[in-house]
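The lines below spell out each chain.
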Amino acid sequence: MPPADAPLVEARGLARRYGPVHALRGVDLDLHPGEVLLLLGPNGAGKSTLLRSLAGLLRPQAGSVMIAGRRLSGDDPDARRPIGLLSHQSLLYDELTLLENLVLAGRLYDLPDPRGRAETVLARQALLERKDDRPRQLSRGMQQRAAIARALMHDPILLLLDEPFTGLDAVAGDRLRALLGELRTAERAMVIVTHHASEAWDLATRVGVLVGGRWGFLGPRPADLAAFHLTYQEVARG
Amino acid sequence: MGRALRHALAIAGKDLRMELRTRTSLLSAAVFAALVLMVFNFARDPTAVATVDLAPSILWVTVTFASVVAMNRAFTVERENGAFDGLLLAPVSRESLYLGKYLANLAFVLIVEAITLPLFVLFFNLDLGGALPGLLLTLLLATIGFVAVGTVFSAMVAKTRFAELMLPILLLPFMVPPLIFAVKTTVPLFAGRPLSDVLPGLRFLALYDVAFVTLSVLLFSAVVDE
Amino acid sequence: MTPDAARARSLMTRGVVLTVLALIGQAAVMLLAIQFTPVEARQGMAQKIFYVHVPAAVIALWVAVPLTAFAGLLYLWLHDPRLDRFAAASAEVATVLCGIVLATGPIWGKPIWGTWWTWDGRLTLTLFLFFLLLGYHTLRAAIRDPGDRARFSAVLGVMGLVLVPFIHLSVYLWRGLHPQPVVLKPSAPSLPPEMLRTLLSGFAVAFLLYVGFVTLRYGIQLARDAREAAHAG
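Chains as they are written, first to last, in this note's numbering: chain A, 1 to 238; chain B, 239 to 464; chain C, 465 to 697.
These are computed hints drawn from the structure, not numbers from a lab.
Please note: incorrect hints may appear among the correct ones.
Said to hold, decoys possible - So the derived list for chain B, only partly shown, Cβ under 10 Å to chain A, looks like this: (1) S266; (2) F270; (3) D435; (4) D447.
Said to hold, decoys possible - Residues of chain A clear of chain C, computed beta-carbon distances all greater than 12 Å: (5) D30; (6) L58; (7) V171; (8) Y232.
Quick reminder that beta carbons are idealized off the backbone N, C-alpha and C, glycines included.
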């Protein structure tokens with residue numbers, strides 16, 4: 001059992017290439033519970049690759065990722081238990097109802113009462129009355145909420161969000177921001193990948209800018225977003 | 239161990255539920271089988287070769303092609319909304335994931351076979367008589383093996399552009415030995431010989447099954463883990 | 465020029481040299497076969513093709529295909545792209561060798577058996593191997609990501625290798641024969657020394673052809689990868 005102030009995420013020397021393209025060139029990251037990292041960077045800088053590596057969806061070609069003291073590897077499924085992912089895709093099956101989708105997730109995470117938990121989570125997302133509907137029957141905003149419900153089924157303490165505000169209107173975006181604010185607790189850590197820093201600026205405690213597969217900037221979130229824009233331009237120019 | 243099985247059954251159950259709702263793959267495969275049987279009927283000269291000699295080959299060829307149609311869906315359904323990531327993220331071992339997909343595929347192919355066999359008996363006017371138990375056993379043993387390989391290959395080809403075409407190209411060579419063993423077993427059975435006469439063929443089928451189910455379970459994580 | 469590109473060039477040169485030597489050697493073996501080896505009593509001149517056909521089949525089945533499969537298996541363990549490049553190169557050569565076997569088989573068979581094709585155990589096995597290899601190349605061509613391509617090829621390679629004994633078993637069962645070793649036995653129980661000498665020379669040349677051609681194909685792939693890296697980086 002790692003000590004209370006041990007990092008939730010310990011990534012060392014992550015490197016990953018897709019043929020001739022080096023998406024990550026030796027990235028280190030320590031993330032403690034309670035921290036919210038805002039991950040920025042130009043297109044193709046490696047943000048998604050880093051996120052997916054932290055999620056255990058990509059096996060690093062060099063380096064390692066430890067989550068809550070356990071190394072992520074194909075042989076240790078339980079190391080993935082603390083991880084939750086919210087991407088711009090909903091991860092839902094179109095032919096299953098919302099309830100069925102969530103109960104499936106619950107069973108895969110060995111929850112004691114998948115159905116009860118599913119209904120609770122759906123209720124919190126104001127989707128309980130749509131529980132027997134298929135994802136395609138919902139509006140875009142509702143689909144996003146359904147995806148959130150699925151991601152939160154197992155109450156993950158590491159929440160990874162890959163451009164979650166994409167395609168959301170102002171109301172839905174505010175709603176998501178409010179939810180993330182609620183989810184930001186002392187036990188939970190989050191990594192939010194976004195193209196627009198303003199979307200999640202107030203939530204973040206740290207900011208990282210990936211450029212060409214390496215950190216251009218990694219540190220506490222500055223108070224002033226406008227001032228940070230200058231830093232970002234400099235750093236992104238490489 | 240129990241947990242792994244529970245995970246596998248949850249995944250298999252999900253696939254079954256989804257397919258039974260749309261029935262697209264099952265129907266396509268069943269219709270395909272019926273069409274193939276019909277074409278075979280018109281393509282042969284009844285005076286030249288006795289039906290009972292040709293029948294096993296016709297049955298097994300039909301089953302082979304219809305099964306490929308049925309197995310295609312296994313991983314293409316996972317691509318919608320990135321759902322497969324959900325399975326990969328979960329604390330579920332890759333072996334359980336494979337087992338779940340495998341069991342679902344096995345069920346689908348067995349359903350298609352259950353539809354094909356009566357049609358086959360009907361179209362070709364056969365009297366199976368005592369051959370039925372042996373035939374069912376052969377069908378089961380052959381299916382267990384090639385579905386194992388098909389499950390791995392459908393995971394691979396799901397990422398390619400021409401998945402429906404790639405799967406048969408890769409899988410058919412692997413279906414030939416079970417097909418040959420099965421035909422070799424079925425011919426004597428149709429001729430009324432007892433099950434004890436065809437044990438060698440059944441043993442080869444079992445050997446193929448052990449080899450390829452094991453290999454498939456071991457190699458599956460290499461396919462799905464990037 | 466980057467180090468990889470330079471290495472690729474040197475490999476290609478070496479590969480071309482070896483291949484050319486092997487082809488010259490092949491011509492020499494043919495000469496040996498026609499002029500300096502006794503004509504086989506029953507089969508006549510057609511039997512001469514045996515000195516090309518048999519070595520090609522043996523190198524394909526016992527060298528090229530197993531090496532492709534084992535290189536793939538090692539790749540799954542070590543993830544070294546060089547292993548994948550080698551596996552692909554070896555598979556290409558195996559395909560060519562199988563093509564040679566399938567082309568020379570009928571040339572040998574027609575005068576002797578009267579038909580262009582027979583479902584002879586050896587030829588059928590080679591035909592299967594040919595289709596497996598075509599599937600291998602088709603799969604590689606259909607996948608863009610190099611990591612996926614390497615892993616999937618490796619899986620197919622290992623599965624294919626395990627399939628070979630089952631094909632052998634099923635083909636012999638199908639023909640109603642007891643499984644026999646597919647290792648080529650000469651058509652006569654014991655070969656006179658001149659025939660043996662020519663056959664062994666044939667093996668040596670076929671092996672040289674394998675080495676040369678693999679080196680060349682490996683070099684070409686390395687050059688291609690180096691060029692892509694230069695464009696991307």
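Against the structure, the hints come out as follows:
1. With its C-beta approaching chain A no nearer than about 16 Å, S266 (chain B) sits outside the 10 Å limit, and its interface hint is violated.
2. Interface hint status for F270 (chain B): violated, as the beta-carbon distance to the closest one in chain A is roughly 22 Å, over 10 Å.
3. Violation of the interface hint for D435 (chain B) is found here, the shortest Cβ-Cβ separation to chain A being roughly 46 Å, above the 10 Å cut-off.
4. For D447 (chain B), the interface hint is violated, the least distance from its beta-carbon to any beta-carbon of chain A being 25 Å, above 10 Å.
5. Listed as a non-interface residue, D30 (chain A) keeps its Cβ farther than 12 Å from every Cβ of chain C; the least gap is roughly 26 Å.
6. The Cβ of L58 (chain A) sits about 10 Å from the closest Cβ of chain C, inside the 12 Å cut-off, so the non-interface label is violated.
7. Even its closest Cβ contact with chain C, about 38 Å, leaves V171 (chain A) beyond 12 Å, as expected for a residue assigned away from the interface.
8. No Cβ of chain C approaches the Cβ of Y232 (chain A) within 12 Å, the least distance being about 24 Å, so the stated non-interface status holds.
This entry does not satisfy hints 1, 2, 3, 4 and 6, going by the numbered hints stated previously.
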